[in-house]
Amino acid sequence: MAESEVNLTKTYDAIVIGSGAAGGMAAHVLTSHGLQVLMLEAGKKLPIEKELRSMEWPYDNPYRGQLPPDSHSLSFNEYTIRNPPYGPGFEKAKHLKSYIGSTDYLKNIVVDERENPFTGTNYAWVRARCLGGKTNIWGRLALRLSDYDFKAKDRDGYGENWPISYSDIAPYYDKVDLYLGITGVKENLPYLPDSIFQRPTKLNCAEVTLKESLAKMGRVLTQYRAGVTSDGLKHNKYRSRCYGRGACERKGGCDIHAAFDSPTGLIYPAMDTGNLTLRTNSVAREITVDPKTGKASGVHFIDSQTMKDYTVHAKVVIVAASTLESARLLLLSKSHLHPNGLANSSGHVGHNFCEHIMGPGVAGRAKNLVGKPPTLDDGRPGGFYLTRFRNLAEKHPKFIRGYGFEGGSGSTMFPRGTDAHGFGAAFKEEVRKNQGAFVGMGAFGEVLARYENYVDLDPVVKDKWGIPALRFHYKFGDNEHRMAEDMKETAQEMFEAAGFEIVHVSSRVLTEGWSIHELGTARMGSDSKTSVLNEFQQSHDVKNLFVVDGSAFVNASCQNPTWTIMSLCWRSCDYLADELKKGNL
Amino acid sequence: MSTNDPTDLRQNRREWLKTSAVAIGASLLPLPVVAAESQQVETAPAPSQTKPVEAKSPARFFTPAQHALVDELSETIIPADNHSGGAKAAKVADYIDQALGESFDDADKALWREGLRLVDVMSQHYNGKSFVNSSPEGKIAVVKVLSDNDHMTDLPEVRFFIELKRLTVRGYYTSKIGIHDELEYKGNRILQEYVGCDDQGPASS
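Chains A and B are the protein sequences, given in the same order.
Under the numbering used here, the first residue of the first sequence is numbered 888, with each subsequent residue one higher.
Under the numbering used here, the first residue of the second sequence is numbered 17, with each subsequent residue one higher.
If we strip away everything but chain A, and leave its shape as in the complex, we get:
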């Protein structure tokens, strides 16, 4: 394999900004079309297996797997009461991390909050600046969207339809399934289309009980559809198949890469084509514009370590920096020709910001499993997914759109139920007897895309590299709160119907941002006055500019977005390569 150097005098075919699910996919598709691609990643390339150590026993870790004492990860209470930079009490914590960075395994993957400030309404903004971005920590649930989502406006009149239908994207979902691997079981549901699945995980006994009980209510529980290769991928030498090992509930990546991550799944294979050059530690500051044509000419970036400025040139610029960072970069790229920021003649960049609301859920015990010998329930990429059932055939009187539940059950390395009251021999026995009987689930619901939920640039606050920070104007609305009430009630009903002993019902809505599914800040559409991108994620205003991450979503649906981000990106990059060859860009 030839070593490629970053050549700042060369005009690349394409520059990809970001190396997560979208950036990795863009690199894979464009290099396979023979394009010369430069990828810019703001963070470092980490020795990721050394970070993740998926099979390390807690007693072999100096902090038993928790954060080192010089670091602090933010709690729900801190997010609720305080604003960045979170005020007193953390002076001695050298590193301040978002809530998910609460273990020794993720401490170098998520950013230091102080280096990356933001302002405005409270938001649990999880950012991973390193090669692969948040794919290094993703929860792996890999779901398709359907026309219930793409054409949701046709069903309830709210918002906008997507400029594509399921039939447009279905072939690309298939490509992503086959190229990256996904485990699951076919269910033939119109609102949650099946993938091309590899060998599924298995449900354990409490989950089978719940599934059978739900079937009587006409609801569907299926094996966790995980973006994990359970049979292996012959075309990828960087990834192993899943060996059902433990610690998957850590959700902190997978050090044999059975779970998808962008570097091993997409970027290293793209490098093997000889067409990809990667530059890490490269913080994009602005997309430059040719003053004559108004088209994108390249990217101005700052070396995160030396603080030096560079500009690189390309025929096409592809933004894949994550929904919020991509919006920020477009807004930062102001010029004489694009005074509101690049690709923003509609004024919609940063707006229609949406995601998933989460928090409500239930925990209980399968009574017939209490006190039984320990079982092996761990080592699956996930437990179960309980599919959407609201606003499909019937209209719910209190809210539109839907939600699904992610759940799990059984024994885990660190036992559930240690919050039991008391102490002594009785406490110890209670924890032991209950450990395998646990079953729990939490909901993910659609947050409506609303113009008035948006981000813009803070006029004062800047990050470590002197780049204006993002300012949030974002709150859950009435539809979400009414939906959250219903989530709590149905969760309880379903556990009661299954005969589980209910231990805890939660109605608490977690801080905005908690789902790490932020979407919609540069939405697609056929009308250039009300959307930023066309159906190929190409800017209406600037033909050689594409935004291929979650910012292109028109609504959030209630399904986890990563598989759709990658499928859309593949479709758009096929189009891009074709248009470039035709000389249309």
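By construction, these hints were calculated from the structure, which means they are not laboratory data.
Using N, Cα and C, we set each Cβ at its ideal position, and we do this for glycine too.
Heads up, a few of these hints could be off.
For lysine to aspartate or glutamate, the following EDC-like pairs were computed, each having C-alpha atoms within a straight-line distance of at most 16 Å [as the list claims (entries may be wrong)]:
| no. | chain 1 | residue 1 | chain 2 | residue 2 |
| --- | --- | --- | --- | --- |
| 1 | A | K1259 | B | D121 |
| 2 | A | K1430 | A | D900 |
| 3 | A | K1320 | B | E200 |
| 4 | B | K192 | A | D947 |
| 5 | A | K981 | B | D121 |
| 6 | A | K981 | B | E200 |
| 7 | A | K1089 | B | E200 |
| 8 | B | K192 | A | E943 |
| 9 | A | K979 | B | E153 |
Output of the computed footprint for chain A on chain B, the stretches with three or more beta carbons under 8 Å from beta carbons of chain A [unchecked claim]:
| no. | region |
| --- | --- |
| 10 | 83 to 97 |
| 11 | 105 to 119 |
| 12 | 124 to 134 |
| 13 | 156 to 169 |
| 14 | 175 to 188 |
We have chain A; now place chain B onto it with these hints.
For chain B alone, coordinates are given in the frame of chain A:
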């Protein structure tokens, strides 16, 4: 299931991966590991070995007398029984000692000092002697007062008890005794097949 023979990997996962890749016949190829130094320009990485986490000499917080007291308190919360060893055998006091020794949280440290002092004050009141010198029943009596009233968080001894229990639980169930002897945890090993309700477990038998 006959194909499902969990292999215990506590000894050396990497050795196992090397030797079993052929046997399993799967695409279990060398794991890409990247050099630690920050490089500007990267190509696809060459395989190399990961290094184990370097062990640091642990910091200490407790005086010998405080350590002995925490040893007894933690054992009262999670005692040895006929199933497995307790917090003492799992060296929970060492774990807490190190955690506090390395902590930057001065308020937390002050709470522990004050809490340990107040426990002995309580013990003198209920048992007429220090906690360490009390009978097993006497020790339980003192901790029961704190546990039964764990909603009274305006009192430092109650806040101390909550922290003591939290760290005892954390230390015990992350120890070898807690994971392997007490809970008989079955996971964290490589499997040929996923395990489910149709393969094993009480509800299917």
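Here is how each hint holds up against the structure:
For the proposed pair K1259/A and D121/B, the alpha carbon gap of about 41 Å is over 16 Å, so the pair is violated. About 14 Å separates the Cα atoms of K1430/A and D900/A, which keeps this hinted pair within 16 Å; it holds. At roughly 11 Å between alpha-carbon atoms, K1320/A and E200/B fall within 16 Å of each other, so this suggested pair holds. This hinted pair checks out: K192/B and D947/A have alpha carbons roughly 9 Å apart, not beyond 16 Å.
Between K981/A and D121/B, the direct Cα distance comes to roughly 12 Å. Compliance with the 16 Å bound is thereby established for this hinted pair. A C-alpha spacing of about 37 Å is found between K981/A and E200/B, which places the hinted pair above 16 Å, so the restraint is violated. Only pairs whose Cα atoms come within 16 Å are accepted, and K1089/A paired with E200/B is rejected, the gap being roughly 21 Å. The straight-line distance between the Cα atoms of K192/B and E943/A is roughly 12 Å, inside the 16 Å bound, and the hint therefore holds.
Annotation: proposed proximity of K979/A to E153/B is violated, straight-line Cα distance about 41 Å (limit 16 Å). Look at the region 83 to 97 of chain B against chain A: 5 of its residues bring a Cβ nearer than 8 Å to a Cβ of that chain, three or more, so the hint holds. As drawn, the region 105 to 119 of chain B meets chain A at 4 residues by the rule of a beta-carbon pair under 8 Å; at three or more, the given contact holds. Figure legend: the region 124 to 134 of chain B, annotated as covered by chain A; annotation inconsistent (0 residues with Cβ-Cβ distances under 8 Å, at least 3 required).
Taking a C-beta to C-beta cut-off of 8 Å, the region 156 to 169 of chain B contributes 5 residues in contact with chain A, enough for the three needed, and the coverage statement holds. Judged by the Cβ-Cβ criterion of 8 Å, the region 175 to 188 of chain B is covered by chain A as claimed, because 4 of its residues qualify and three suffice.
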